[in-house]
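Asks: Residues per chain are reported as follows:
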Amino acid sequence: MANFVLNGQAVTIDADPNMPLLWAVREKLGLTGTKFGCGIAQCGACTMHLDGDPIRSCSTPVSMAEGREVTTIEGVSGEAGNGDGLASAIQAAWISEQVPQCGYCQSGQIMSATALLRDNPSPSDDDIDAAMRGNICRCGTYTRIRRAIKVASGQAQPREEEA
Amino acid sequence: MNDMSPDKKERSKLAKWSRRGFIGAGVLAGGGLLIGIGVRPGNPVGALSPKVAGAGENLVNSWVKIGADNIVTAIVPHCEMGQGAHSVLAQMLADELDADWDKVRVQQAPTDGSYVVTDTARMFVAPFTMNAADWIEPTWNGLFTQIARMADAMITGGSSSIRTTGQHSMRIAGAAARGMLVGAAAQSWDVPASEITTENSTLIHKASGKSAPYAEFASAAAHQPMDQTPRLKTPDQYRLMGKSKARTDIPAKINGTAEFGIDAVPEGLDLSYAAVVRPPVPGTTVVSMNAEQAKTMSGVLQILNMGNFVALVADSYWQAQQAINTIQIEWSRSESPILTMDDQYAAFAAALDEAGETGGDEAAKKGDAQGALASAATTIDAEYRVPFLAHAPMEPINCTAYVKDGKCDIWASTQVPLMARSGVAETLGISANDVTVHHPYIGGGFGRRLGADEMSMAARVAAATGYPVKMIWSREEDTQKALYRCADLARMRAGLDESGKLVAFDHAFTQRHDPAEACVPAMYDIANTSVRVAPAELHLPFQAWRSVDHSQQGFFIESFIDEAAHAAGADPLEYRMEMLKGSARHVAVLQKLAEISDWNVETAEGHAKGVAMVESFGTIVGEVIEVDMTSGKPRLVNAWAVCDAGYVMNPDGFKNQIEGGIVFGLTAAMYGELELEDGAIKQSNFHDYRMLRMDETPNIEVALINSGDVPVGGAGEPGLPPAAPAFTNAIFAATGKRLRMLPVAKQFA
Ligand code: FES
Ligand code: FES
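Going line by line, the protein sequences match chains A and B. Residues in the first sequence are numbered consecutively from 2, following the working numbering. Residues in the second sequence are numbered consecutively from 759, following the working numbering.
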C-alpha cells in the first residue's frame, strides 16, 4: 500500500513499492497527462512535482512519495490548479507562442517551466537552459518554449494572432 | 495529352503504385490550377451521417457538418501528429465556406474507406490529372476515389496534407457546401441564388432583408445538387487562408487532456499490459527461451513465444517490462554477412567500385559529364557517408488491441489507419469490416508510424490472451529493433572551367528510395550532369524518415557544391546564386537569406556561417547556420531559413514546422548515429542516441516568401535537408576542416 497526496487529494494504492510513480499514476490512478518517453530519466516527458520540486517520475518509486505531495499536469491545470495563477500564465504563453507540435513532451515541459518560474520569476537564458535541458522535444519546439517562458515571466511580449 | 486515356508511361506508373511506394514518396508537385475535387461522387451523406454526425448535426457533404448551434465541423481525413494539418485543413474549408472561424471545430475522420485521401493518391500517381477540365473532373474523381479505396490510402505523410487534401478536397468541399446552402436558401426564400451572399456562417439576402444562420438550411442543403468544380476564392478574397490562426489542437496539449495512442483507456475494458522483445538482428526468430524467473514475478499473467517476438503480459506495463527483461532468449543466426558498420560501408563501397566511373543505374543525365570532367580545368572528388538513423518519436510505439467474437478493436497512433485495419484483418484472418481502428493524436511520426506491423503484433497478443491488452515498446526496443533511415556512401566528382564555373557533376551512391528527384541537383545550371545508383544490400530495414532521400542527398550535394565554391575561390552563397540565375524564385530566396543572416557582415572571432539550399516537397528552403568554434568544439549559435512554398496557408504554423525540421536535421547532424555490433544496434536510448536539447539549440529565424502562381509546397519536411550541410559548411568556413561524414560531434570529441 502506498499513500500520498495527488493533486491535493489523498490517495491510497495497492502497488509494488518499487513501481515508478509514473506508472502508478497513469495506470492505477488513471491520470494519463504525464507521459512515458524513455524510462531512464533522460527525456523529462514524465516530469511531476514532488513537494513542489520537479522529478522524473519514471525513475522515482512510489515508496518515495509516501506521505508526500505529488502534482501532475492535471493538478496545475484549470480548476484544479494550484491557485497562484502561475501555471495559467505559463499555459497562456504556450498558446500565444503556439509552442506544441505533437504535444507529447509538453506536459513535462510545462511542469519543468512551472517549477523554474516559481523559484525564479525572471529567469535569464542560462537559467532557462539549466532548468529545461532535461526535457527533450523531438519535434524541436525549444525556441518557442524559451520565448513562452519569457512571455510568461513578463520579459517578452506575447505574439499577436494575425487577424 | 488526351485527358481520357493516360499515356503508356502514366499507365505503368499506376500499375507500379505499390503501397510502400506511395507511403515513402514525397508527393510530387503536380499541376498548377486549383481544380480538383473534394466532394465524393453521389454525395453519400446518407450512408456517412451515422458514422460522423451526432444529434442535431447535418452533414452537408462528406467533409463538413453543421450543428443546430451553427457550429461548423470540418471532418479531416489526415492524422494530427504535430504538423498542424487538422487545424489548417479546417481553416481552408472554413474560408471557402465563409464560416465563422470562432465556431469551427475539427473532427478526425473515422478509419473508413469513405475517407481515403483521394487527392493525395492522385497527385502521386497521376499528377497530370490535377489540371483536368471541368467536364472530365467527375470521371477522374470517381476513378481515383476507387483506386485510393483499394489501396487503403488514408495516409499522412510526404508533406502533402495541405497541398493535396487541402487544396483539392477541403477547399472544394467548403465551396461546394456554401453553394448548396445558398441553393437551399434561394429556394426557400424564392430569390435568385446569385443575390444571396454569405459571411460568418450566415446567409444574407440584402434586398429582402432576410438572413439566416447556416444551421437553418443545413439539412435542406444536403439535398441540393453539389457542384464538383465550384469557383474557389482568389488570394485577395481569402479571409482565413494565409493567416496565422491559432491551432485548434493546442489547448488540449498543454493541460494533459490531449489523448495519444498510448493514453487509450477504452471504456468498460480492464486492460492488461504487454512488453515485447523483438529480434536484435533483423529477420531472426526465437530458437529457445528461458523464462523461469519471469514466471515467478509479481503481476505476470502470460508469457508468449510468438516466433518472431516474445511478449509478456502483466497487470501493469512496468511489471511486464521488468519481467521480460529477465527472459533469456536464443535467436536464430542471421544470414546477413553484415555485422558491423565497417561491413555495411564495405558493401556500399563494393557496389560503387563495381559501378566504377560510369556504371550503375542512371538516375539523371544531362550533357556529357565524363567528357566535361576530362576536359575541365580543375576537378575535385570526394567520398561522403551517412549512418543509419532511428526516428525516435517522443511517444514510444504502442498499440491497444481487443479481439472478441471474431472482431477486433485497435487503438493506435498511426499515420496509416486503413492499412493498419487491413494488416490486422489479414493477421487475424478476419474481414477488414470486423476491425475498428481508433487513432487519436500521434506523439510524433516522422515516418516511423507509416507501417502496420505494431498493430498486427498487438492483435496477435490480444488474440492469444483473449483479453484487452495494451502493448508498449520500451524506448530501447524502438531504438534497436525498428525501421531506419538508411546509411549510405556517395562518390562525387566535379569539373570546373578556368573561371571556376561548375561544368561537370557526377554523383554515385547506393540507396535510392523517395522522392526520385532527391539525388539530382536540378535547380542548378550545370551543363553536364550524371547521377547514378549502384544498389547495395542494407542490413537494417528501411523506412521513410523525415524528408526521406533528401535527408542524405541534401548533405551530399550541398556539401559538395560548397567544396566546388571553395575550389573556385568563390563565396559559397554567391556561387550558388550564379548557378541559379535562371530561376527568380531561387534567387529571391538566396537574396533574402543573405539579408536576414547578415551574410556579408563579419562574424565574431571564432564564429563562421555556412549556407545550403534544397528544394523538396514543392518548397525551396535556403538556410544559413552560424557556429562558434572558440572552444574547439562546434556550438550552434544561429539558424536562418528562407522558404518559398508558393503560398503559405498558416504562416506561423509553417514556421513552426520549419523550425522543427531544422532542429531535427541538426540533431541528426550533431549526434545521430546507430552502430552495429554482431549485427545488432548498439545505441539504445536517449543517453547514447542523443537529441539536441534546449541549451544546444540555436536561435532560429524563419522568413517566408509567397511567390504565388505555383502549386503550394509542403511544410513538414523541407526545413530539414539544408540543415546538416549548412552546419558542416559553417564548420569548414571556421576551421578549414571538411566534414564528409556524420555525425559531427564525435569528430570533435
Ligand atoms: S520517461 Fe522519465 S525521463 Fe523519460
Ligand atoms: S511537441 Fe512533439 S516532442 Fe515536443
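These are computed hints drawn from the structure, not numbers from a lab. On a predicted model such as this, the values are computed, not experimentally measured, just so you know. Where is the CB? At the ideal position from N, CA and C, for every residue including glycine. Any given hint could be a false lead.
[What the hints assert, rightly or not] Sample of chain B residues facing chain A (criterion: CB under 8 Å; computed from the structure):
#, residue
1, S977
2, P983
3, T987
4, F1067
5, P1151
6, E1417
7, Q1441
Asks: Determine for every hint whether it applies to the structure shown.
Replies: Hints, one by one, checked against the model:
1. For S977/B, the interface hint is violated, since its Cβ never comes within 8 Å of a Cβ in chain A; the closest pair sits about 33 Å apart.
2. Of the supplied interface hints, the one on P983/B is violated, with its beta-carbon coming no nearer than about 35 Å to a beta-carbon of chain A, more than 8 Å.
3. The interface hint given for T987/B is broken, as the beta carbon of that residue sits about 31 Å from the closest beta carbon of chain A, more than 8 Å.
4. About 19 Å separates the beta-carbon of F1067/B from the nearest beta-carbon of chain A, more than 8 Å, and the hint is not met.
5. Here the hint on P1151/B is kept, as its CB sits about 6 Å from the closest CB of chain A, short of 8 Å.
6. Interface hint status for E1417/B: upheld, as the beta-carbon distance to the closest one in chain A is roughly 6 Å, under 8 Å.
7. Evaluation of the Q1441/B hint against chain A yields a violated restraint, the C-beta minimum of about 12 Å exceeding 8 Å.
Of the numbered hints stated above, those contradicted by the structure are hints 1, 2, 3, 4 and 7, listed in ascending order.
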